[in-house]
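*Asks:* Start counting the sequence shown at 20; every next residue gets the next number (my numbering).
Note that these hints are calculated values from the structure, not bench results.
Keep in mind that the hints are not guaranteed to be accurate.
Dumping the calculated EDC-like pairs for lysine to aspartate or glutamate here, alpha-carbon to alpha-carbon at most 16 angstroms [to be verified]:
(1) Lys28 - Glu101
(2) Lys161 - Glu96
(3) Lys28 - Glu99
(4) Lys36 - Glu96
(5) Lys161 - Glu99
(6) Lys28 - Asp100
(7) Lys37 - Glu96
(8) Lys36 - Glu99
(9) Lys28 - Glu96
(10) Lys161 - Glu101
(11) Lys161 - Asp100
Quick caveat: nothing in here was measured; it's all calculated off a predicted structure.
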Amino acid sequence: MKTDYMKPKYLLPHLYKKIGWALTVPFLTYAVYAYILGDIFNLPFKAENLENKFPWLGTIVLIGLLGGLLLVSFSKEKTEDEYISRLRLESLQVAVIVNYVLLILAALSFFGLDFLSVMVYNMFTVLLIFIIRFHFLLYRNKSAYEKQH
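Turn these sequences into a full structure, and let the hints steer you where they fit.
*Replies:* As structure tokens, then:
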């Protein structure tokens, strides 16, 4: 039996996870396209040219991506129980540890504006690592979990 102190207090309803994915996918796709693929395929414009034409575009993408990742990360699963809560906590702990190890390595490897670029990407890594690990463990343990319930 779940007592009040075991119930997750700061999770959003499951519906917000769908909204989060609906925000994350297009903004992440655009971010990858504009900053990585745009330069590889020598498109007629580069990301910085696009930013000059639409100065708020970077801010909109940043807010959209962070908002989507936060909604995905902190929304309940369809069935939220002790097992899911434990996986969520462990995944968050691993994400924070991995993120700060990567940040320490980046601090030793990059300097100046390169390190500033690393810090921009660092805003997303905790949430991305958490989401990837949590959903991977849910997927991997799904059959064993379903047998118990």
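*Asks:* Next step is simple, just say for each hint if it's right about the structure.
*Replies:* Tested hints:
Under the criterion of a C-alpha separation no larger than 16 angstroms, the hint pairing Lys28 with Glu101 is consistent with the structure, at around 13 angstroms. Proximity of Lys161 to Glu96 is assessed by CA-CA distance (about 13 angstroms); at most 16 angstroms being required, the pair is judged to hold. At most 16 angstroms may separate the alpha-carbon atoms for a hinted pair to count; Lys28 and Glu99 meet this at roughly 12 angstroms. For the suggested pair Lys36 and Glu96, the alpha carbons sit about 8 angstroms apart, so the restraint of at most 16 angstroms is met.
As the CA atoms of Lys161 and Glu99 are separated by approximately 14 angstroms, the hinted pair is consistent with the 16 angstroms bound. A C-alpha spacing of about 13 angstroms is found between Lys28 and Asp100, which places the hinted pair at or below 16 angstroms, so the restraint holds. Between Lys37 and Glu96 the CA atoms are separated by roughly 11 angstroms; this keeps the pair inside 16 angstroms, and the hint holds. Pair hint Lys36 plus Glu99 holds up; C-alpha atoms about 13 angstroms apart against a cutoff of 16 angstroms.
At most 16 angstroms may separate the alpha-carbon atoms for a hinted pair to count; Lys28 and Glu96 meet this at roughly 14 angstroms. Distance check on the hinted pair: Lys161 and Glu101 sit about 15 angstroms apart at the alpha-carbon level, within 16 angstroms; holds. Restraint check for Lys161 and Asp100: the C-alpha separation of about 14 angstroms stays at or below 16 angstroms, so the hint holds.
Comparing the model with each numbered hint stated earlier shows that all of them hold.
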